[in-house]
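S.K.: Turn these sequences into a full structure, and let the hints steer you where they fit.
As they're listed, the protein sequences go chains A and B.
In this text, residue positions in the first sequence follow this note's numbering: the first is 1, and each later residue adds one.
In this text, residue positions in the second sequence follow this note's numbering: the first is 1001, and each later residue adds one.
Treat the hints as calculated values from the structure; they're not laboratory data.
Where is the CB? At the ideal position from N, CA and C, for every residue including glycine.
One or more of the hints may lead you astray.
Between beta-carbon pairs, the in silico distance windows are [as the list claims (entries may be wrong)]:
| id | chain 1 | residue 1 | chain 2 | residue 2 | range |
| --- | --- | --- | --- | --- | --- |
| 1 | B | Val1105 | A | Ile105 | 43 to 53 Å |
| 2 | A | Ile105 | B | Ile1111 | 53 to 63 Å |
| 3 | A | Asn267 | B | Val1105 | 24 to 34 Å |
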Amino acid sequence: MLYREAGQFKTNYASDHAVFPILQDRIGIFVILFIAFVVIPRTGNDFILNAVMIPFLIFALASIGLNLLTGYTGQLSLGTGAFMGVGAYACYKLTTIFPDVNIIIWIIVSGFFSAATGVVFGLPAVRIKGFYLAIATLAAQFFLEWCFTRIPWIYNYNVSAAIEVPQRELLGIIITGPRATAETRYYIVLALVVAMTWMASNIVHGRIGRTWMAVRDMDIAAELMGIRLLPTKLLAFAVSSFYCGVSGAMMVFLWYGGAESTVFNINQSFTILFMIIIGGLGSLLGSFLGAALIYILPIILRFVPPQFGLPVHAATVEHITFMVVGALIVLFLIAEPAGLARLWQIAKQKLRVWPFPY
Amino acid sequence: MGPLYQIFIDPFVQMGTAPDLFVQTLWEGMVGGMLYALIALGFVLIFKASGVFNFAQGIMVVFAALTLVGLYNIGVPAFLALGLTIAVMFGLAFAVERVVLRPLVNQPDIILFMATFGLTYFLIGAGEFVFGGDPKVMITEQLYLPKGAVTYKILGGIISVQKLDVAAAVIASVMVAGLAVFFSKTRIGRALRAVADSHAAALSVGISLEQIWVIVWFAAGLVALVTGIFWGARSDVSFALDVIALKALPVLILGGLTSIPGAIVGGLIIGIGEKMWEFYWGPLIGGGTDAWFAYVIALVFLLFKPQGLFGEKIIERV
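M.R.: This is the structure we're talking about:
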């Protein structure tokens, strides 16, 4: 009864094409934004902000990035981790070379470096697709990871071969480095993620998104309809890598505070891929849901059993997480290939007609 | 000495002046390549019969080795452990067919490919959960595998050859020959080839796809076990090996996805190429280059010859 759209008429094309055509959805998104911007920072402690919300938002952004490429354009990529790394290291170099420029600008600009890298490694997509392309992106993963460890210029010749985030300020408030508060960092991450999600939503609902989906559904047919495959696929690689790069830069600058190349290894790529498989391929909402499930699952496994007097080892938690995630992947591919986002759609449909069956 | 000299001439001068080192590197590369080839072989078996690009093959290698060592460590005699591991691999093949392949039949290839990612993670988690995540030592002596090295004095230097590597080469060759005979002479082998040629035609003459899938996954599991034993003997058994296991993917690209000789030749090319590259050219750009060499070679192949050396040309129809 709550979710009724009776009486909501669409009187023009704009309202028909709206991203949230139903009033309840619009209210819902404002409630979520209100909770994210006001309630969580007010009520949450440092643990909630630092260990749950910030990483969740960063992973969600990376998932959106990969989803644009894999879910919307149908090009499977296993190089997400490396593209995130390019963003992180580019941001680090930029801020050490030009320390006076605002760090938030560099976080965004570093996305462009990642995008350029993505285009270079996306070139094979012209000729190949499917798992052939996945292997080609593995080349990006391993080559870039090698660059992060073996080219000392990238990490400023640090002895530890790791990067350490310098302290940067915005309007007198410390926003990066060890002295920045969790709340400040949370606000920056949240603002960037919301803005970029809004951008992504506009991209996928517009002409570009439609060409991507046409290429995904059948590239030959798309080509016959006049979509040029090469620019379309490369644009998808560029935008996707841009998102991944920004999230990588945020990961190091606003969450970890320092990183080694191993942060951006192949497992990171898989984690992001699993987020979008479970969340829903080709769905922005799915990127958030998947990121939440995959990231928060280990936290739950770690903190809930002790509440019931069952002590678990950190290693055991990790092993169980692997098993559960692996099983979930297979389960979702079999039962609901469109992921959690589709489950939400079904739930919404049920809510609409409730209490009647149809 | 200019950089051009260092890149194009110096490595070859080194090869000429120290032929013993050259032969040693070649041998090391061959042994490494053989292991890549064995993993790739498992891939090819499954891909031909079920069209599934089994990403988990590399992990199955580690899983098999871990099961063997884990069983031995809890007190099972070595050969009984070997038998039990074979049983576990059969159980795995059966479970995969039931739980993963059968519900996903007729789905797009890429969905099945991603399902094997899930399988990979499940196997990693299950293996570590049951047997612990710490690196383990492979039981080579208990399985009567030779140990130690033989050194030869030739070409003005000393070349040392691990006996284990020779044994691995022999057993691998026997296994490949056995598979070849199995495929060409037996009834099941013929059925396997029929399924590889056309699923629909095979079904229509009464071949059970489900049975065939269990058999090929089991065969791939056996290949994985043999690979795992020799691999584990060269370094400790742990899932840290999975990064190396991924190297079988470029091998497949090189050899072609559907060709067993391709897997072997591709494996040897990648193995030898990467050792040579790392030994002679790697130091020029900082070392550790064997992490990506194989993938870059695969990338080049994908751009110019996507079907690989021996693969069937992919013809796309609308």
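S.K.: None of the hints should be skipped; say for each whether it holds.
M.R.: So, going through the hints one by one against the coordinates:
1. B:Val1105 <-> A:Ile105: 43 to 53 Å: Given about 51 Å between the Cβ atoms, the range holds.
2. A:Ile105 <-> B:Ile1111: 53 to 63 Å: At 41 Å between Cβs, range violated.
3. A:Asn267 <-> B:Val1105: 24 to 34 Å: holds (30 Å)
Of the numbered hints stated above, the single one contradicted by the structure is hint 2.
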